[in-house]
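Given only the sequences and the hints, what does the whole structure look like? Please build it.
Listed here are the chains, written in short residue letters.
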Amino acid sequence: MGTADWFILASFLIFVAGYGIWKTRGQKNMRSYFLADRSTPWYTVALSIMATQASAITFLSTPGQAYVDGMRFVQFYLGLPVAMIILSVTAVPLFHRLNVYTAYEFLELRFDLKNRALGSILFLIQRGLAAGFTIFAPALIISVLLGWNMNLVIVVTGGLVVLYTAAGGTEAVNKTHLLQMLIIFVGMFAALVMIFRLLPPDISFLDATRIAGKMEKLNAITFSFHWKDRYSFWSGLIGGTFLALSYFGTDQSQVQRYLAGSSIAQSRMGLLANGLVKIPMQFAILFIGAMVFVFYQFVAPPLFFNTVETTRITASAYAPEYQTLQREYQRVHDEKQSHIRSMLAGIDARDNAALNRALSDLRRSKTSETAIRGEAVQLIRKVNPKADTNDTNYIFLNFVIGFMPVGLVGLVLAAIFSASMSSTSAELNALASTTVIDIYKRMISPNASDRHYLIASKIATIFWGVYAIAFAMYANRLGSLIEAVNILGSLFYGTILGIFLVAFYLKKIGGNATFFAAIIAELVVIACFAFTEIPYLWYNVIGCTCLVILAYLLNPLLDAPKRQPAAE
Amino acid sequence: MNDTESRRAENREESPPIFSSWGVLYTLVLAGLITYILLFYIFTKVFS
Numbered sequence: 000m001g002t003a004d005w006f007i008l009a010s011f012l013i014f015v016a017g018y019g020i021w022k023t024r025g026q027k028n029m030r031s032y033f034l035a036d037r038s039t040p041w042y043t044v045a046l047s048i049m050a051t052q053a054s055a056i057t058f059l060s061t062p063g064q065a066y067v068d069g070m071r072f073v074q075f076y077l078g079l080p081v082a083m084i085i086l087s088v089t090a091v092p093l094f095h096r097l098n099v100y101t102a103y104e105f106l107e108l109r110f111d112l113k114n115r116a117l118g119s120i121l122f123l124i125q126r127g128l129a130a131g132f133t134i135f136a137p138a139l140i141i142s143v144l145l146g147w148n149m150n151l152v153i154v155v156t157g158g159l160v161v162l163y164t165a166a167g168g169t170e171a172v173n174k175t176h177l178l179q180m181l182i183i184f185v186g187m188f189a190a191l192v193m194i195f196r197l198l199p200p201d202i203s204f205l206d207a208t209r210i211a212g213k214m215e216k217l218n219a220i221t222f223s224f225h226w227k228d229r230y231s232f233w234s235g236l237i238g239g240t241f242l243a244l245s246y247f248g249t250d251q252s253q254v255q256r257y258l259a260g261s262s263i264a265q266s267r268m269g270l271l272a273n274g275l276v277k278i279p280m281q282f283a284i285l286f287i288g289a290m291v292f293v294f295y296q297f298v299a300p301p302l303f304f305n306t307v308e309t310t311r312i313t314a315s316a317y318a319p320e321y322q323t324l325q326r327e328y329q330r331v332h333d334e335k336q337s338h339i340r341s342m343l344a345g346i347d348a349r350d351n352a353a354l355n356r357a358l359s360d361l362r363r364s365k366t367s368e369t370a371i372r373g374e375a376v377q378l379i380r381k382v383n384p385k386a387d388t389n390d391t392n393y394i395f396l397n398f399v400i401g402f403m404p405v406g407l408v409g410l411v412l413a414a415i416f417s418a419s420m421s422s423t424s425a426e427l428n429a430l431a432s433t434t435v436i437d438i439y440k441r442m443i444s445p446n447a448s449d450r451h452y453l454i455a456s457k458i459a460t461i462f463w464g465v466y467a468i469a470f471a472m473y474a475n476r477l478g479s480l481i482e483a484v485n486i487l488g489s490l491f492y493g494t495i496l497g498i499f500l501v502a503f504y505l506k507k508i509g510g511n512a513t514f515f516a517a518i519i520a521e522l523v524v525i526a527c528f529a530f531t532e533i534p535y536l537w538y539n540v541i542g543c544t545c546l547v548i549l550a551y552l553l554n555p556l557l558d559a560p561k562r563q564p565a566a567e
Numbered sequence: 000m001n002d003t004e005s006r007r008a009e010n011r012e013e014s015p016p017i018f019s020s021w022g023v024l025y026t027l028v029l030a031g032l033i034t035y036i037l038l039f040y041i042f043t044k045v046f047s
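Sequence order for the protein chains is L and W.
Each step along the first sequence adds one to the number in numbering that gives the first Met the number 0, with nothing skipped, and position 229 is 228.
Each step along the second sequence adds one to the number in numbering that gives the first Met the number 0, with nothing skipped, and position 7 is 6.
Don't take every hint at face value.
Unchecked claim - Below, computed lysine to aspartate or glutamate pairings styled on EDC-like, alpha-carbon distance capped at 20 Å:
#1 W/K44 / L/D347
#2 W/K44 / L/D350
#3 W/K44 / L/D68
Don't read these hints as lab results, they were simulated from the structure.
Structural data, given as structure tokens:
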């Protein structure tokens, strides 16, 4: 990184933190701290929702995913607009009318305290671990590629976030989200423009898109159905709707964003705007990854993108073998370039025979490349049996650091840090609100003053921030457990969503039936995770469906006939 | 007043800042989703 990159990155980080603290000074009570006095306009709600969901992993991993697997991951978001409509009709007016601070408050009004406690505790467990991971994952990737001290990156990123989130609460989170989303959009746009400028002069935008398409990277929509297929139109639309309903309807880190809306209309507009803007945004990020793939058809990519492992192997006894593989990889890459140009010539000349020959040659080259990389991975494992052999997360940043000009590297890094900080701040804010409102105020100290709860809220924010930083610093030793943390959301979301669906729509089902159905449904989901190969997007459907059916069956045994709840 | 009627009353009290009703807005969001799906499908077919 050059001096300009450091200047841009450091300036941005300090400015965002300072801006968040300055603009939100003088928080008076819990309502202003957790709900920004319900004064947020719809566009801030929308951007805040998007900033909360878009973590650094979105920008580091998603382009890499398109590089490896194509753009079909965009289907993951097809359920989002449907879920936003459902939430606009049901959850938003209900939460606003009940004047709740958290989604779990509603569960006590509808059922009883034990359902509220179950919902809030499941959220604290799942989101608490996720908050640590949100800080850890980008710090790991950045430290590997830039050689920075990982713990220092964690402490600086996490520390700045804790500073302005504890100081300003929800309003600080919202105000900084605006800046962070701006830098994210600018950074991604700059990356896309630079990729095209770095392509060979004879390769146009249309050529690049054709190359990506013919090499199966532009597979945005796949209508074929196989239940083991992780990303398809059907799993995206159906499973994605359930996941989005659960994430945006029951996860306090998102609920808090639209509870701060100045009215029901503003909250609804924010959700609906998110539903429409998020899909093209993810498409653009995936398209960047597909174009990075095209770039690396003309510039030889590294055999393995994780430079820590490649440095290790080139210093080991296996270095000569690895270098042989690198030479072979380069030779196959050079062959591929001529096949690509033959393919483009066949397209331009509308010569199907030439096109098919070139595609056949490209498939053979790809098979050779895959075999060579497989051998390289085996060597890496021999040197370091604990090595992470999935280098997808390092592809995009490797490209940025290796090929983008001075200044733009700093801008893209600022975008990545923005994404990390935006997600973390919303998570800490939500963890603090749930801790204070659902646990501390409700069960431990119900009669304190508002000023007391305000101080408790800031302390809770700092506590969860320190916890997240500590977990992030420890996470490096956990190895494969990190993967479990990564899918933790899907293990719990279905059950939590089921609780809320029963609460909203099945008024005759009582708290006892719902509570015990939730326990059993959660065990079913964990069993699916442990003993089956069902893709994680279906866990939400399974957990939710099991809970609803079980609650219906258990209700006659465990609950007296329900009257209409007084809160309705 | 039952739940549906009270929801309708709430909705009547606060119309969206654009368009005449929330139903129109929801329909437009769904139309937007269908448009995205069609565009992505065409994109996939044209370039693959």
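How the hints compare with the structure:
{"no.": "1", "hint": "W/K44 / L/D347", "result": "holds, 18 Å"}
{"no.": "2", "hint": "W/K44 / L/D350", "result": "holds, 19 Å"}
{"no.": "3", "hint": "W/K44 / L/D68", "result": "holds, 17 Å"}
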